[in-house]
Amino acid sequence: MVFHSIGTFILVREKRMANSDGRRKEVIAIIGGGISGLLACKYAISKGFDPIVFESESSIGGVWSKTIESTKLQTPKPLYQFSDFPWPDSVTEVFPDQHTVLEYIESYARHFDLVRHIQFNNKVLSLSYEGDGDSSTGEWMSNGKWNVTVQHTPTLSIKVYQVDYVVVCVGRFSQVPNIPEFPENKGPEAFEGKVIHSMDYSKMDSTTATDFVKGKHVAVVGFQKSGLDIAMESSTVNGIERPCTVIIRTPHWNVPDYFPWGFPMAKLYLNRFSELTVHKPGEGLLLYLIATILSPLRWGFSKFVESYIKHKLRLSKHGMVPDHSFLNELSACLISTVPQGFYDRVEEGRLTLKKAKSFGFTKQGIVLEGQAEPIKSDLVILATGFKGIDKLKHIFESPKYQQLIAGSDDSAAVPLYRECIHPQIPQLAIIGFSESIANLYTSEIRCRWLAELLDGKFKLPSVKMMKKDIAEWDKYKKRYSKKYYRKSCIGALHIWHNDQLCKDMGWNPKRKKGLWAEWFEPYGPMDYTGPI
Numbered sequence: 013m014v015f016h017s018i019g020t021f022i023l024v025r026e027k028r029m030a031n032s033d034g035r036r037k038e039v040i041a042i043i044g045g046g047i048s049g050l051l052a053c054k055y056a057i058s059k060g061f062d063p064i065v066f067e068s069e070s071s072i073g074g075v076w077s078k079t080i081e082s083t084k085l086q087t088p089k090p091l092y093q094f095s096d097f098p099w100p101d102s103v104t105e106v107f108p109d110q111h112t113v114l115e116y117i118e119s120y121a122r123h124f125d126l127v128r129h130i131q132f133n134n135k136v137l138s139l140s141y142e143g144d145g146d147s148s149t150g151e152w153m154s155n156g157k158w159n160v161t162v163q164h165t166p167t168l169s170i171k172v173y174q175v176d177y178v179v180v181c182v183g184r185f186s187q188v189p190n191i192p193e194f195p196e197n198k199g200p201e202a203f204e205g206k207v208i209h210s211m212d213y214s215k216m217d218s219t220t221a222t223d224f225v226k227g228k229h230v231a232v233v234g235f236q237k238s239g240l241d242i243a244m245e246s247s248t249v250n251g252i253e254r255p256c257t258v259i260i261r262t263p264h265w266n267v268p269d270y271f272p273w274g275f276p277m278a279k280l281y282l283n284r285f286s287e288l289t290v291h292k293p294g295e296g297l298l299l300y301l302i303a304t305i306l307s308p309l310r311w312g313f314s315k316f317v318e319s320y321i322k323h324k325l326r327l328s329k330h331g332m333v334p335d336h337s338f339l340n341e342l343s344a345c346l347i348s349t350v351p352q353g354f355y356d357r358v359e360e361g362r363l364t365l366k367k368a369k370s371f372g373f374t375k376q377g378i379v380l381e382g383q384a385e386p387i388k389s390d391l392v393i394l395a396t397g398f399k400g401i402d403k404l405k406h407i408f409e410s411p412k413y414q415q416l417i418a419g420s421d422d423s424a425a426v427p428l429y430r431e432c433i434h435p436q437i438p439q440l441a442i443i444g445f446s447e448s449i450a451n452l453y454t455s456e457i458r459c460r461w462l463a464e465l466l467d468g469k470f471k472l473p474s475v476k477m478m479k480k481d482i483a484e485w486d487k488y489k490k491r492y493s494k495k496y497y498r499k500s501c502i503g504a505l506h507i508w509h510n511d512q513l514c515k516d517m518g519w520n521p522k523r524k525k526g527l528w529a530e531w532f533e534p535y536g537p538m539d540y541t542g543p544i
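All you need for my numbering is the position in the sequence shown, starting with 1, plus 12.
In case anyone wonders, no lab produced these hints; they're calculated from the structure. Warning: the hint list may mix true and false statements.
Here are the computed lysine to aspartate or glutamate pairs in the EDC-like style, where the Cα-Cα straight-line distance is at most 16 Å [as the list claims (entries may be wrong)]:
id : residue 1 : residue 2
1  : K388      : E204
2  : K292      : D481
3  : K89       : D269
Can you build the whole structure from these sequences, using the hints too?
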């Protein structure tokens, strides 16, 4: 390792010895020590690399290291596990709590000795590229270098690491909160109470969070997972005396469980047959005709699930029936699990639901669109999500790279080939930003794909072909997410996506034994333990 002073900075050029077979092993920097970062590290090591992982916090786990106390796993446990490190038998819950999930992730890191590669409390400030490769006809595999500017947060000292490849695993649900815009004099500055984002609440331990909401009239803005969990915690603390108000712009098909009318939802959406009902990116004429013919079945699956959710959660009674289909929700990766007893607390009076397309603040609290009287509040918690695209693009010093990451429209969908790399940004991958129903599951196979690519097992197609593939996937996302298209998500096409990765790697995409199992049994992480 060679250090060169650059003013107040230090340039670190990493050097590695060649393998015994003479092959040079390039230096890989991984940004983020969450699930995707750990997986990228593990599979890079498996190919003989010695990666450096920069983690801005003092521990691993990403969003699981700092989240709301009552949060549980949103995906059934069998779909959320490492293919070569299953859940221990001692974990019997289908939806483990936050502490159990974090312990599982930490055990994985210890088992594969990943922690020694991680530099904690090291925040990546910026990335800059030296070399060619960013033209429309350039090669992703180039001969340039990435300069990774890193700040050691306890000392504020800065180093610049020069590496061959960068894997960005910063995720999309942290650091840059999405704060709604308000007209002049109708924002939080007009409010006499306190306004925070759910990100700040999630950093509190259980005792601090309880004391923070205790005795207050709390309003939670948002109806996704964080909003639901915070509302439940507030209603537990304050009861019916000070009910928690939940402000909802868009009702969602949040699920009570994954067994509509006793039938496993995975058999409706996570097997090969179910994907025959969906028009797929790059499909041929035969698959197009099959998806068209089976479209009534696709509609029936969605209505079957919707009828169960409406019945189980009494959505009509509460005026909370969405105006979009469950398939739209699934395809946009907007599915959340409703905390047990949520609507019971609505009927008890501990939770109050208010729908409004927009809102503003007064001295006393929140004023909803179309209403004159404010909702009296002492504390407003904005569970309004994150600006993941902003966090991602501003890592790059180059305005051109920032523009490439942002894409050509105002959505939050990053244009990535195989949901991993941008064709015009050389020697860099982004893992964990594109979502799915089970993010660990998809991050793992993408990290394996990337490791095989870096190891030279296959080559990428031309930039033109990669852009064409990205456009086809984008067309699919817009078709099935409809007006909720707003982010990178493979939604209801896990198997089709994984098939493409398997074919690239030279794996057999058909992973199950027997024709019935191949077409009708759900696919999951354990189907991708290795090549067959």
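Verification of the hints:
{"no.": "1", "hint": "K388 with E204", "result": "11 Å, holds"}
{"no.": "2", "hint": "K292 with D481", "result": "11 Å, holds"}
{"no.": "3", "hint": "K89 with D269", "result": "13 Å, holds"}
Taken one by one, the earlier hints all hold for this structure without exception.
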